[in-house]
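Below, each chain spelled out in residue letters.
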Amino acid sequence: MTTASDSSSSMTKRPNRLFKNWMAKLASVPMILTALVVFVGGTAWTIVYSFTGSRMLPKTKWVGFDQYERLWDTDRWIISIKNLAIYGSCSMILTLFLGFCLAACLDRKIRYESAFRTIFLYPFALSFVVTGLVWQWILNPDFGLQNVVRSWGWESFTFNPLNDPNTVIYGILIAGLWQGTGLIMCIMLAGLRGIDEDIWKAAKVDGIGTVKTYVMVIIPMMRPVFVTALVLIASGIIKLYDLVVAQTGGGPGLASEVPAKYVIEYMFRAQNLGQGFAASTMMLCSVVIILIPWAYLEFGGKKRG
Amino acid sequence: MTDHLKSLLVGGALICGSSAHAVELEVTHWWTSGGEAAAVAKFADAWNATGNTWVDGAIAGSGGTARPIIISRILGGDPMAATQLNHGRQAEELIEAGLLLDLTDVAEAGGWADIVNPSSLLDSCTLDGKIYCVPVNIHSAQWMWLSHAAYEKAGVPVPTDWNEFVASAAKLQEADILPLAMGQQGWQQNLAFGALTIAVAGTDAWRAVTVNKDADVAAGPEFKAVFEAAANARELARGSNVQDWNQATNMVITGSAGAQLMGDWAQGEFAVAEQVEGTDYSCLPGLGLNDVLDTGGDAFYFPVNDDPEITAAQKELAALLISPEVQVSFNLAKGSLPVRGDIDMSAANGCMQKGLDILADGGVLPSGDQSLSADTQTQIEDLMAQFWSGDMSAADAQESYADLIRKAD
Chain A
0 MTTASDSSSS
10 MTKRPNRLFK
20 NWMAKLASVP
30 MILTALVVFV
40 GGTAWTIVYS
50 FTGSRMLPKT
60 KWVGFDQYER
70 LWDTDRWIIS
80 IKNLAIYGSC
90 SMILTLFLGF
100 CLAACLDRKI
110 RYESAFRTIF
120 LYPFALSFVV
130 TGLVWQWILN
140 PDFGLQNVVR
150 SWGWESFTFN
160 PLNDPNTVIY
170 GILIAGLWQG
180 TGLIMCIMLA
190 GLRGIDEDIW
200 KAAKVDGIGT
210 VKTYVMVIIP
220 MMRPVFVTAL
230 VLIASGIIKL
240 YDLVVAQTGG
250 GPGLASEVPA
260 KYVIEYMFRA
270 QNLGQGFAAS
280 TMMLCSVVII
290 LIPWAYLEFG
300 GKKRG
Chain B
0 MTDHLKSLLV
10 GGALICGSSA
20 HAVELEVTHW
30 WTSGGEAAAV
40 AKFADAWNAT
50 GNTWVDGAIA
60 GSGGTARPII
70 ISRILGGDPM
80 AATQLNHGRQ
90 AEELIEAGLL
100 LDLTDVAEAG
110 GWADIVNPSS
120 LLDSCTLDGK
130 IYCVPVNIHS
140 AQWMWLSHAA
150 YEKAGVPVPT
160 DWNEFVASAA
170 KLQEADILPL
180 AMGQQGWQQN
190 LAFGALTIAV
200 AGTDAWRAVT
210 VNKDADVAAG
220 PEFKAVFEAA
230 ANARELARGS
240 NVQDWNQATN
250 MVITGSAGAQ
260 LMGDWAQGEF
270 AVAEQVEGTD
280 YSCLPGLGLN
290 DVLDTGGDAF
300 YFPVNDDPEI
310 TAAQKELAAL
320 LISPEVQVSF
330 NLAKGSLPVR
340 GDIDMSAANG
350 CMQKGLDILA
360 DGGVLPSGDQ
370 SLSADTQTQI
380 EDLMAQFWSG
390 DMSAADAQES
400 YADLIRKAD
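Chains as they are written, first to last, in numbering that gives the first Met the number 0: chain A, 0 to 304; chain B, 0 to 408.
So that you can see chain A by itself, here it is in the shape it has in the complex (with noise of 0.2 Å):
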């Protein structure tokens, strides 16, 4: 998706620019060879493989479409397709709105926000795997949330996501909003900041509203901001991983499984190449199918017309 926007960037330079810089393209070959050979090279040499029936060292026995067959037969798979669908559409949703509102009302000069920044940014700080650890804990019935509400006095109340196979993805996706909402808030803080005082006096001047202006007027002009908003959040959802396998590892039974656990654990734990190969295949295709008329809408289109 960087890839896509960097390359946007250099479309508008790009006709009378080419030769300018050489020397500064040139000192960039070594990479774009690099990306060439390890992204480019790589994904078509997994994608080869996966028509193969590989075992725990890659060979070129074919087998056609019998990985695909069996992925798409695998129950396991289609729980992780379900729970990327939730987690991805909540995580979107739920990210881009709680990180705008969240910076709006920072936005509102309010006293001590840089201490409110700091606080909302700074579980982006931890990894995944101590974010997991430490919603396993909390969401534990035991000794977290449940336990201290209990201890209050509100002994019906109960809140154990984790443990139901209904539920354990939200318990997931809490985790990850926790975790992810501070960065997306100070992007769009950075936005909101980038808005002209002007127009808020002209909207003030008019009589327009305070959430109507932002609904109508500074949402529309921070359409860069939400689009990079989206990829980070976009990438995110498609590498959950570390998170699951930290909370839950996958788990009650199969209920919590990703696609990128699948992927690993076929490769290295079964020790089947070609079937981790055909799933990760799978992904990168769902990727394409969402990127291209995106991209295609976001810069082709656009640009041109």
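Because the hints were derived from the structure by calculation, they are not lab data. All values derive from a computational prediction rather than experimental measurement. Among the hints, a few may not be true.
Calculated lysine-lysine pairs in the BS3-like style (CA-CA distance at most 27 Å, straight line) [as the list claims (entries may be wrong)]:
1) K314(B) x K60(A)
2) K212(B) x K58(A)
3) K60(A) x K406(B)
4) K223(B) x K212(B)
5) K212(B) x K406(B)
6) K129(B) x K58(A)
7) K129(B) x K353(B)
8) K406(B) x K81(A)
Since chain A is already given, all that's left is putting chain B on it; use the hints.
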């Protein structure tokens, strides 16, 4: 990661320092818990006493974490001198690719074929008539651990087999005790299922399915009974919200759960809690129904090395690991059973003695690791994870299980 980096550096140092006479061998393993580390130290001491140097390459995390690191180092051309793996089919492809040292001459010189008991341990080190690993211990999974405190509280005698346990479960529940502690991880649930299979269906049916991959038996009446027993056990374990196996063992230790199905390594936890076998807890090998144990365990493999001096040292180490004194001190520290039947293990505690008796009587089975590929094992673990923590019916689970056995290679 830093550990990995460190082991890379150590590997580098190994190459530089190999011209010296006393040979440094880097040994990787995943024995990092208290008792396990003490056991590894016995190996290291014995090896250092020969004038060589043991460079310890412990990899934190379980086998699932360590195995990929070990295998990728061997594949990546940065092999350690020796490494732990579970014997079985895990190293099959590495051997086929010619990456592991052939130990046949050491084995013949040491007469391993005569001393290793059960001989299936050596068979799983053997490929095409050549021996590639040295077995160091036996771990068996078919044990039930019972809390005396829990049964005292419930006012019923401690059961002596699985059926009595099931019958006593209602009393336990009345006393607000969870009958069966179960960590919510696929491998533990698979282990419990395996133990139930051997106890309920018997060894013949187990062998037909696991060793011969007979899907008809897996779909047949013996396994129907197993899946029904497992579905019953699932109900007895409802509300067991722990993840790790030692947390589940801890429930048995504290008496908040009646029993746990877990391998013989659980007794290390009882020992750490200073509990005494027979008064604080009981162990039932084969769940008290069928006195058989499987014989999985650990083995050491030696990646091929160009340096003849290191190769010679690797063979020396291989011979040392299986020598009588080292076997006794290592297995006593680890709480596992030795791989040779001709040594004195009288210092072992009650549960280990029970295991030794079963071994001496020949009540042994190969472990799942030895018969099923890692791929099939993982698929079965996934099925078990789904079965134990959801409400999949016994019939559905049996059908999926038979299907996996049919497709197993």
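Hint check:
no.	hint	verdict
1	K314(B) x K60(A)	35 Å, violated
2	K212(B) x K58(A)	25 Å, holds
3	K60(A) x K406(B)	18 Å, holds
4	K223(B) x K212(B)	16 Å, holds
5	K212(B) x K406(B)	9 Å, holds
6	K129(B) x K58(A)	24 Å, holds
7	K129(B) x K353(B)	33 Å, violated
8	K406(B) x K81(A)	26 Å, holds
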